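Number of protein chains: 2
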Amino acid sequence: MVYPDRMKNHRAKKSPRLTPEIWADAALEAIEQGGLSSVAVEPLARLLGVTKGSFYWHFENRDALIRAAMRQWEKRAIHAIAEASRITDPRVRLRSLILSSADRTTAKLDLAVSLVAGDPRVRPFARRVDRRWLDWAEAAYREMGHTKTDAKHWALSAYSAYGGLIQILRLNPDILKSKRAWAQHARHVAGMLVP
Amino acid sequence: MVYPDRMKNHRAKKSPRLTPEIWADAALEAIEQGGLSSVAVEPLARLLGVTKGSFYWHFENRDALIRAAMRQWEKRAIHAIAEASRITDPRVRLRSLILSSADRTTAKLDLAVSLVAGDPRVRPFARRVDRRWLDWAEAAYREMGHTKTDAKHWALSAYSAYGGLIQILRLNPDILKSKRAWAQHARHVAGMLVP
DNA sequence: ACTTGTCAATACGGTAGCGTATGGTCTATC
DNA sequence: GATAGACCATACGCTACCGTATTGACAAGT
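Protein chains in written order, with this note's numbering: chain A, 1 to 195; chain B, 1 to 195.
Calculated from the structure, these hints are not laboratory results. Here the structure is a predicted model, which is why all the values come from computation and not from measurement. Accuracy of the hints is not assured; some may be wrong.
For chains that are exact copies, the list does not tell them apart, and a pair is met inside one copy or across any two.
Unchecked claim - SDA-like mimics (lysine to any residue), calculated; alpha carbons at most 25 angstroms apart, straight line: (1) Lys52 <-> Arg91; (2) Lys148 <-> Arg76; (3) Lys177 <-> Leu47; (4) Lys148 <-> Ala40; (5) Lys177 <-> Leu18; (6) Lys179 <-> Ile22; (7) Lys52 <-> Ala139; (8) Lys108 <-> Arg128; (9) Lys108 <-> Trp57; (10) Lys75 <-> Ala40; (11) Lys179 <-> Thr88; (12) Lys108 <-> Gly118; (13) Lys177 <-> Pro20; (14) Lys75 <-> Lys148; (15) Lys177 <-> Ala45; (16) Lys179 <-> Arg17; (17) Lys108 <-> Arg127; (18) Lys52 <-> Asn172.
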């Protein structure tokens with residue numbers, strides 16, 4: 001993930017050399033690596049093998065790139081939530097959230113976004129996705145027979161545990177390094193959150 | 001917390017006009033507000049009512065300030081853990097962690113630090129404090145009769161829940177806005193984490 | 001072949017922040 | 001009250017990045 005090689009995915013020659021989506025993806029990767037301050041026009045351009053002359057053709061300014069990146073992220077997050085909703089059994093469905101902490105792709109990006117969600121340009125996107133996950137979890141708990149307020153508390157607990165865990169594991173990768181320890185902890189959390 | 005007024009706390013005339021500790025405090029406040037990129041020499045100097053001529057007398061460079069700020073934070077965090085260890089009943093002790101999520105002073109700073117803990121200058125400090133909290137929780141669970149590995153899982157769960165909750169509440173202050181709802185959720189979490 | 005529109009390179013000015021060098025001011029102390 | 005050291009101001013050069021303006025390359029359609 002570096003390269004001045006823009007020929008990946010064998011883009012048809014007719015299509016533009018760079019698209020706003022490519023820029024947005026690069027911005028998301030930058031956020032994952034170094035936060036919002038890493039979303040800088042010239043460095044990203046170097047990373048993509050072009051100059052900022054390209055950037056300012058596709059975007060109004062830096063803020064517009066950030067917004068586009070967040071739109072892209074929200075879209076994918078919504079899609080992930082929809083995928084996680086297809087599981088019929090609510091208990092299995094909830095467990096899938098816990099298990100997704102181990103996914104070193106979406107979890108890392110979700111975390112990175114939440115880390116920069118203090119910024120007013122990111123906050124509304126993060127809030128909407130938070131809301132959706134909370135609603136998703138609440139629905140699962142309701143299907144399990146909990147009252148509305150009860151389900152809300154369970155949902156908040158579950159989503160908190162999810163977010164907190166991936167953050168701690170990011171900083172302390174030594175904590176659940178063995179697959180065995182991780183599976184054990186996943187069982188523990190499942191037993192705690194899925195009564 | 002702003003002003004070119006350096007005469008607060010009625011400092012004796014003999015003492016220096018600014019101390020490294022004051023700079024470190026200002027840096028911590030900046031981290032809380034805008035992350036590491038807000039720890040900038042000239043803006044902080046303006047905030048303190050001086051110029052960077054003062055700063056470079058007290059510190060080698062910007063990195064030295066960041067390190068000093070993190071040392072100060074770690075010191076206080078260790079003190080807070082020691083305070084939280086004085087409670088005799090392990091269950092009450094654990095509940096104190098949950099309740100401290102509501103403390104809008106330490107919790108916010110702890111969160112802000114964890115948000116920038118990806119930076120190599122911050123990471124070691126955050127890791128050490130994480131470790132201490134985990135050990136603290138593990139000890140409590142052991143006192144409650146759990147085995148070592150079991151206590152470790154409980155501790156990780158509890159600390160995850162703590163970190164995740166304050167992060168979500170920061171972004172969604174509307175979620176537990178009423179005192180009643182918060183107390184209810186605290187009871188819920190306590191029931192979940194303190195069996 | 002000529003034109004048009006798309007995309008990118010180059011060159012430019014502007015700002016914010018880092019770090020240095022040097023000089024100034026106050027205070028304690030003799 | 002002269003001096004030394006602690007503390008701060010000012011002025012400077014440097015780099016990184018933002019945004020604009022202009023020009024250039026290249027493809028598609030005519």
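Structure-based check of all given hints:
Taking identical chains as interchangeable, the C-alpha atoms of Lys52 and Arg91 are never at most 25 angstroms apart, the minima being 49 angstroms within one chain and 58 angstroms between chains. Proximity of Lys148 to Arg76 under the C-alpha cut-off of 25 angstroms is found in neither arrangement, the shortest distances being 28 angstroms within a copy and 40 angstroms between copies. In this assembly of identical chains, Lys177 and Leu47 lie within 25 angstroms of each other by CA distance neither inside one copy nor across copies; the values are 32 angstroms within and 44 angstroms between. Taking identical chains as interchangeable, the C-alpha atoms of Lys148 and Ala40 are never at most 25 angstroms apart, the minima being 45 angstroms within one chain and 47 angstroms between chains.
Taking the shortest Cα distances, Lys177 and Leu18 never come within 25 angstroms of each other, neither inside one copy (39 angstroms) nor across copies (45 angstroms). In this assembly of identical chains, Lys179 and Ile22 lie within 25 angstroms of each other by CA distance neither inside one copy nor across copies; the values are 35 angstroms within and 46 angstroms between. In this homomeric assembly, Lys52 and Ala139 never come within 25 angstroms of each other (Cα to Cα): the closest approach is 46 angstroms inside a single copy and 55 angstroms across copies. For the homomeric pair Lys108 and Arg128, the shortest alpha-carbon distances inside one copy (18 angstroms) and between copies (22 angstroms) are both at most 25 angstroms.
When the C-alpha separation of Lys108 and Trp57 is checked against a cutoff of 25 angstroms, the pair qualifies neither within a copy, at 30 angstroms, nor between copies, at 40 angstroms. In this assembly of identical chains, the alpha carbons of Lys75 and Ala40 lie at most 25 angstroms apart only when taken from the same copy (23 angstroms versus 35 angstroms across copies). In the homo-oligomer, the alpha carbons of Lys179 and Thr88 never lie at most 25 angstroms apart, since the shortest distance is 27 angstroms inside one protomer and 35 angstroms across protomers. In the homo-oligomer, the alpha carbons of Lys108 and Gly118 lie at most 25 angstroms apart both inside one protomer (17 angstroms) and across protomers (12 angstroms), since each shortest distance falls under that limit.
For the identical chains of this complex, Lys177 and Pro20 are neighbours neither inside a copy (38 angstroms) nor across copies (39 angstroms), given an alpha-carbon limit of 25 angstroms. Proximity of Lys75 and Lys148 under a CA criterion of 25 angstroms is satisfied in neither setting, with 28 angstroms inside one chain copy and 43 angstroms between copies. For the homomeric pair Lys177 and Ala45, neither the shortest alpha-carbon distance inside one copy (36 angstroms) nor that between copies (43 angstroms) is at most 25 angstroms. Taking the closest pair of Cα atoms, Lys179 and Arg17 never come within 25 angstroms of each other, the shortest separation being 42 angstroms inside a single copy and 55 angstroms across copies.
Taking identical chains as interchangeable, the C-alpha atoms of Lys108 and Arg127 lie at most 25 angstroms apart whether they share a chain (17 angstroms) or sit on different chains (18 angstroms). For the identical chains of this complex, Lys52 and Asn172 are neighbours neither inside a copy (37 angstroms) nor across copies (36 angstroms), given an alpha-carbon limit of 25 angstroms.
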